[in-house]
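**Student:** Using the hints, position chain B against chain A.
Protein sequences, first through last, are from chains A and B. If you read the first sequence in UniProt numbering, its first letter stands for residue 1, the second for the next number, and so on. If you read the second sequence in UniProt numbering, its first letter stands for residue 1, the second for the next number, and so on.
Please note: incorrect hints may appear among the correct ones.
Since copy identity is lost for identical chains, a pair holds within one copy or between any two.
Stated by the list, open to error - Straight-line alpha carbon distances no greater than 25 Å define the calculated DSS-like cross-link-like pairs of lysine-lysine that follow:
1. LYS126 x LYS666
2. LYS666 x LYS84
3. LYS132 x LYS651
4. LYS572 x LYS466
5. LYS48 x LYS666
6. LYS48 x LYS639
7. LYS587 x LYS572
8. LYS572 x LYS361
Quick caveat, the hints were computed from the structure, so don't treat them as lab data.
Number of protein chains: 2
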Amino acid sequence: MATVNSDLARVRAQATFDPLLLTHFIYDGPEKTKRKRFLQNLALKDFKEQKFRRSAELSREEQYEEALRKCTFTVRRINELGLKDPTELYLFREVLFPSEPSPFGLHESMFIPTIDKQGTDEQRAKWLPVAKRFGIIGTYAQTELGHGTFLRGLETTATYDPRAKEFIINSPTVTSAKFWPGGLGKTSNFVVLMAKLTSNGRDCGMQPFLVQIRDLETHQPLPGVSVGDIGQKFGYGAMDNGFLKFNNIRIPRENMLMRYSQVLEDGTFVSPKNDRLLYGSMTLIRSQIVGGCGRSLAKAVTIAVRYSAVRRQSEISAGAGEVQVIDFQTQQHRLFTLVASAYALIVAGQVSTQAYLSVTKQIESGDFDNLPVLHALSSAIKAFSSWEMMYGIEQCRLACGGHGYILASGLPKIYTNEVPACTYEGENVVLCLQTARFLIKSYNAAEKGEQLPSLARFLQAPKGEKSRLTENLELDQLIAAYEHRAARQVQEANARLQSHLSRGVGAAEAWNRSSQSLVEAVVAFSHAFIVRAFIEKVTSARLDPSLSAVLVQLCQLYALQGIASNSGQFLKGGYLSDQQLLVVENKLYELLAALRPNAVALVDAFDFPDQVLDSDLGRYDGNVYEALMEYATRSKLNKTQVHEGFQKYQKPFVDFLKSQAATQSKL
Amino acid sequence: MATVNSDLARVRAQATFDPLLLTHFIYDGPEKTKRKRFLQNLALKDFKEQKFRRSAELSREEQYEEALRKCTFTVRRINELGLKDPTELYLFREVLFPSEPSPFGLHESMFIPTIDKQGTDEQRAKWLPVAKRFGIIGTYAQTELGHGTFLRGLETTATYDPRAKEFIINSPTVTSAKFWPGGLGKTSNFVVLMAKLTSNGRDCGMQPFLVQIRDLETHQPLPGVSVGDIGQKFGYGAMDNGFLKFNNIRIPRENMLMRYSQVLEDGTFVSPKNDRLLYGSMTLIRSQIVGGCGRSLAKAVTIAVRYSAVRRQSEISAGAGEVQVIDFQTQQHRLFTLVASAYALIVAGQVSTQAYLSVTKQIESGDFDNLPVLHALSSAIKAFSSWEMMYGIEQCRLACGGHGYILASGLPKIYTNEVPACTYEGENVVLCLQTARFLIKSYNAAEKGEQLPSLARFLQAPKGEKSRLTENLELDQLIAAYEHRAARQVQEANARLQSHLSRGVGAAEAWNRSSQSLVEAVVAFSHAFIVRAFIEKVTSARLDPSLSAVLVQLCQLYALQGIASNSGQFLKGGYLSDQQLLVVENKLYELLAALRPNAVALVDAFDFPDQVLDSDLGRYDGNVYEALMEYATRSKLNKTQVHEGFQKYQKPFVDFLKSQAATQSKL
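The following block holds chain A by itself, in its conformation from the complex:
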């Protein structure tokens, strides 16, 4: 298996640009690319030396145990290497946990950051050092069996007892059990608990508490604590998502995280002054999810494109022999549009993270003006990109035919472990409706002649214009088309809302009755942002002309595909003519053919090591069939030639039917 599959090698060699230049574009220059490769190679070496096992061969329970082995190893290794930069940590871990969660994930991403942001200086000094050296291991326990999105609906109670200076933590109902937090089931001995605080008989809303749930030495659950794993899931086999119930346990007053709200010793509740800062970290996380979705889609499409160059199936011209499936236009349409999407989402993640950083600076200087628009934007594109990723990964799996269905393809794992992005950190529909509030407010402000923040300014665009898009596929005209469509969809959703209001429907119900069209308006808004971000990033970067030409084609393909598949929203009002739509479709097909020689180079440029793809179909060397057969032979059912079920069930059954037939034939 040392040589590269010749069909794959030939397509690879046809590229009109140097994929390394594109890798530099993605990873922010040659230096960072070099560093990325250095770190990922270190992690690769570790993975091999430690003989970590492939999750496609493990049971769910084995996956958890292996993940525990990996995450304890990884933390020590990261400490040794002194890695601190978030991007470097991400890239290092990506190799050891390829599309897989870590039981320590929530400790690092939520438990420590919540203490850091919501603890007082005293609390931070007490808990952060011990948490950082895993002296306590925690997770973030908010979601309950009966409650998710709606924070105020949580039922877990924290009642202050001023005599003992303690909180009493309780789970009063079945539905109040904490359910889902990652790392909760078996790994954590602490949680940041969101609970409904009552002090001096007063409802003080949801507050965060540090609660110990297991003994630090024996790891046994503490008295009054019932905790465990929630069982098998669609994916996330490596993660011990857990449940947690409290039977009136007591924690000291000092364990409420009191940077914002406080309970004084006598039980007096002190409200926070400003909680807008909380939005900031959600915004950052959502921007990161956007890029992460792009990266997950990039993995899936790397697998599918490489396999499509290796796989030969059916003839185009009868008798001319089976062709590489990448030569079928339908396959190109399925995959190349997803290559474009992956790039678009990765770029959008970068652009929105940049926007977050610049708005953060404004906030630090006391300027909160851009926070709402940034928050609205990050919510919307998180929803948009996770939906695109979800759809796209499954298309990649289907594009691999039957072989996409075996775990060795890597695609089921990518799908099942990445698709929760549609639900976590804000359920997508809920997020869209948050952004819709912002858009409707902005739209009405614009109607009144107010100036909008730059990201929403296109809502002021004139409504009656016609597109000037020609077969040259002018990039500014593509942006204009998307912004026109978004403005129009917002306008229509607003009209629907106003029409309900004008017929006397109450505000809340009118909003509900308009909500589907509001969601569609937010999708159009997100799409417009991403098209603009992608085009602006590509046209503003200093790129070799050979690379620039291909990236412009990708921008065009991304934009055309979105127009073709939502054509009604562009045709409405005659903005785009039938003739222009025909041009869009024809050019779309031409772009597929034009990108064909660059398809493998475009996915190679994502620079995923084979270990990260974890796919027998997506191997860089294209030796897919040998790898698949090797995977098959290692199936646990092949431990014996004859499965024990044969003696237990099949043979007695066959013998019974045989003797029955013999008896009947005698009768």
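**Tutor:** For chain B alone, kept in the frame of chain A given last:
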């Protein structure tokens, strides 16, 4: 848990029609409904008495063993009961194998039928009785590691040796290994093997052979046979999909299935007279898949609708308390459109199966005229319905938020075990392109003034008309809109094809360059068929007016949703005006609200026992939270309070970091 959740009960009670009447509509009358319930209750009792285990709690290996136990039990039970009718068998098995495959599945659906249809009378007499009493257990081995769709590409060889009067069966390459057949890995001792026949040095094409692969007593693989399970997959844990390689093994001449092609003793190859009959069974299977996709979607949407009545989350009016999520328009949009799809696909399956039966009668009397159109239609709607199902089940899962992700929801199992319908029995894109050939041929025949078969007649419809659809949502206008759109899409695809041809592109390549638009035309064609089938079935049935009113609403919703989400194809050429599209959207939202009281009754009417749904979220009694918590506590990771990984990995790791910190603080 004896009482029904009050929120669910309340919605159930709001229905404006009797769901039992709708159940009769689905299951073809009160008598058959009674029989259906009788049989499913028997199977339910069996399932409980035998203490069969739930797959959501089993490892993949346990799933296979449990499935073997179940299928041996089920065959004996079916024999006892004397069940023979395919529908009755389907309904009985549905309870014992809820959305799960059986290791005997291919024996019954492919191995026996292939011997039956392709064996000579002598072969049938010899093999069928023994196969039917499982004296031999087989599967159908066609797909190879490197070859799927393209039959002529298969590499397994069968070389006739006239001296020994035997065939030599061989797997000459890595890619020639049979790969994927269900039941092959561990269960089967025989296969019907598709292999490339050579006789007297002549290539005689692909032929079917009966090949023994395991000893009938010991079940050990025979010499020269390498066989095993292929490992873990996205779903299908209960199925031992297998690989199979031959090293020049010999089988007697009599083991070639010779009803059509024959090899005489001296090696003379005799070609078949007419192989069109083969299309017939594929057509039936594909029609059945259509109904099966409807049924799978129906299961998913039953779960999601019931759970949406139980689940309360977020407020519509601030302070008014959390509402049932079914009250959110976005949730209604997601789910009610899928309820409509499920009904539409179930009906389409019935209609196309009926069409198959009547065409079969024509064929038996020597009339093959309608076979091509039926074949084209069944291919197209198989593709269309499996795509709709795939999309729809995942929407149902997302509609259940986080809880949709746990295996106890039942939704991941339904998805992963049903989605292979997009790939098996003809990969969807390949099927669409087969149908496209028929459509283009028909279109050009119509252009020449030839009369088309009735199912394709709308391709002759005038192209320039305008829709007369009003806010009364006339059913004939909805059908007309879909047929106009389909005709237009076929016309456009044909124009694209002709344009390539007229510019000198070769026929094969011109076809390829038009293939994406051809696929889209086939989708439009399928959609039109389903809309018409649904509407005609509903309007022609004798129904209680209370039921008829709701079913007409479902037809309208199905049609409107398709227009709204493909609006560009209806707006093109001004067929539908912007104003009409606005009406479509407004009416769509009105229908969602109108269907809200009937939502639970509409899914209850599918009449799935809880056991078939196999879902803690979709329970008829709505006691979802108790069930989920019970599932969680049974997680294998909860066998001990402290997982063994704690002592093995976590504690040493924590101790190490602690001692390291102690050392550092001393320095």
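**Student:** With reference to the structure, classify each hint as holding or not holding.
**Tutor:** Each hint tested on the structure:
| no. | hint | result |
| --- | --- | --- |
| 1 | LYS126 x LYS666 | between (86 Å within a copy, 19 Å between copies) |
| 2 | LYS666 x LYS84 | between (82 Å within a copy, 24 Å between copies) |
| 3 | LYS132 x LYS651 | between (58 Å within a copy, 15 Å between copies) |
| 4 | LYS572 x LYS466 | both (10 Å within a copy, 16 Å between copies) |
| 5 | LYS48 x LYS666 | neither (65 Å within a copy, 35 Å between copies) |
| 6 | LYS48 x LYS639 | within (24 Å within a copy, 31 Å between copies) |
| 7 | LYS587 x LYS572 | both (21 Å within a copy, 18 Å between copies) |
| 8 | LYS572 x LYS361 | neither (41 Å within a copy, 48 Å between copies) |
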